[in-house]
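**Q** Here's the letter readout for the chains.
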Amino acid sequence: MTKGPRDKRMSIDEVIAELKDGMTIGIGGWGPRRKPMALVRAILRSDLEDLTIVSWGGADVGLLARAGKIKKLVYAFVSLDSVPLEPNFQKARQEGTIPELVELDEGMFQTGLRAAAQRLPFLPMRAGLGSDVLVNQPWIKTVTSPYDDQEELVAVPALHLDVALVHLNRADQHGNATYLGPDPYFDDLFCMAADRAYVSVEQVTDTAGLTVDTPVQRLLLSRMMVSGVVETPNGAHFTTCTPDYERDEKFQRAYAAAASGGDEGWAAFSARFLEGDEAAYQAAVAAFREEQA
Amino acid sequence: MSTRADVCAAAIADAFQDDGEIFASPMGLLPMLGVRLAKLTSNPDLVISDGESLFLAGVPPLFAKGDVVEGWIPFRKVFDVVAYGKRHVMMGATQVDRHGNQNISAIGDWAQPKRQLLGSRGAPGNTVNNRTSYWVPKHSPRVFVERVDIVSGVGPKLAKEAGPAAARYNDIHRIVSNLAVFDVTGAGDTLRLLSVHPGVSVDEVREATGFELDVPADVPTTREPTTEEQVLIKEVLDPKGLRFKEVPQEEAQP
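Those protein sequence lines, which keep their order, are chains A and B. So in the UniProt record's numbering, spot 87 of the first sequence is number 87, and the numbers just go up one at a time. So in the UniProt record's numbering, spot 191 of the second sequence is number 191, and the numbers just go up one at a time.
A few of these clues could be false.
Keeping only pairs whose Cα atoms sit at most 20 Å apart, straight-line, the calculated SDA-like set for lysine to any residue is [said to hold, decoys possible]:
1) B:Lys245 with A:Val83
2) B:Lys114 with A:Pro84
3) B:Lys77 with A:Gly181
4) A:Lys250 with A:Gly265
5) A:Lys20 with A:Leu219
6) B:Lys65 with A:Glu246
7) B:Lys86 with B:Trp72
8) B:Lys114 with A:Leu219
9) A:Lys72 with A:Asp148
10) B:Lys77 with A:Leu219
11) B:Lys245 with A:Leu85
12) B:Lys86 with B:Asp50
13) B:Lys157 with A:Leu134
Bear in mind the hints are in silico, worked out from the structure with no lab data behind them.
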């Protein structure tokens, strides 16, 4: 029998067991789009604490902030798109419950991940100059071009991650993975900026299955970037996972309403949806959908 | 006589008429309407997107699907175009100040804001890389403030102070509100009144603005949309009247 690359399939709980208090965790996707929500929900249920979260934020940030899991947040925005402002994030900011914050321009964020992916301490960029990003983050320095122009640019610091969590449409058991929707977001950069990367997917297929009905250019992740693969059907819910499913707007509205209300309403939402395991969550979502139909 | 929303759409279209073949990137409903109006009239070379990841070859009505696709513009390539500079973004603004700085991050102290908004998003990068305009649907002293609480979008004065690398491509082009049109060529790089919409007086604009505006001796009236533009707005781009959610129909003066 010939040897092949190793089988990296894991359970959600096995991924969570790899995480430690105080880690810096990058969360892929974008706002309310293709977020690894099943893994985020599992962090909520765990006793992990003091996390540094690096995310173009959506409900991933809102949920972790509400649960008090975040010691430090690196973000450029937090939004649910159809609900522009994320209520749990708003509450956390207005009550001052996230101890450390780093607010970047959203392009600086990409540059920071690129620097980490290339093992560089920083990369130069124009974004940030003149804005309060540099005033509120005074530790971010500038760098002067050594060439004749002598332009003084922002030295965007590398956003190095201990762990990246991303969600894609399909992967094989070795960690090769494709996105099938219109936008890869930055999930490859998250994986390359991290010491270890875990990808959850709608479906694990054999390797040949990855390119059966979709062009090879959609193979965003190579197995050399991936430490573990988890099959989590509907695992991006309630964010988009085009074309497998779109955002669950009704559920998102219920989430936003619970998050904007008092503690009692949030406790009820949490008890109904967030306190059981992933199977319990998906069952509760199915019941919610039936009620709403 | 056209409605106020139609006047705003035409004023926004005018902001994009001289841009040539660049990516017009409108945030919000009236900016999207204005950009599409410009593409159908004064500037057919504009490159427009579906607001997600596709460049559209045609000019579909607001929020319509199914247009011919002419390109791919996922977020990672948006950042490339921002740095490339061939882009004109029209953003919203929770606050705009006398020097054309904009805030969409938070109200109050950044460390613990009174009201958390989006965060800085792409405003810092936009304003030092490509042409940037702002759209304000409800002109008031709460929006037009002496100094923004947090500088997300960088105006010309701050850009110059930050050095040549910041000032080189800083280009705050127009600020269009439901009352008037401005640029930032006033004394000391401040907001200058370019025109008041039909039925709006200069004094009304002054009263609705929380700082001293640069007002030229002679302030023209913002032009009325042409008959062709009115037909395009009403029949083609926004038959459902979604624009009136941002600028109510009642605001039109008799």
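**Q** Name the hints, by number, that the structure is in violation of.
**A** Going through the list in order, the structure violates hints 5, 8, 9 and respects the others.
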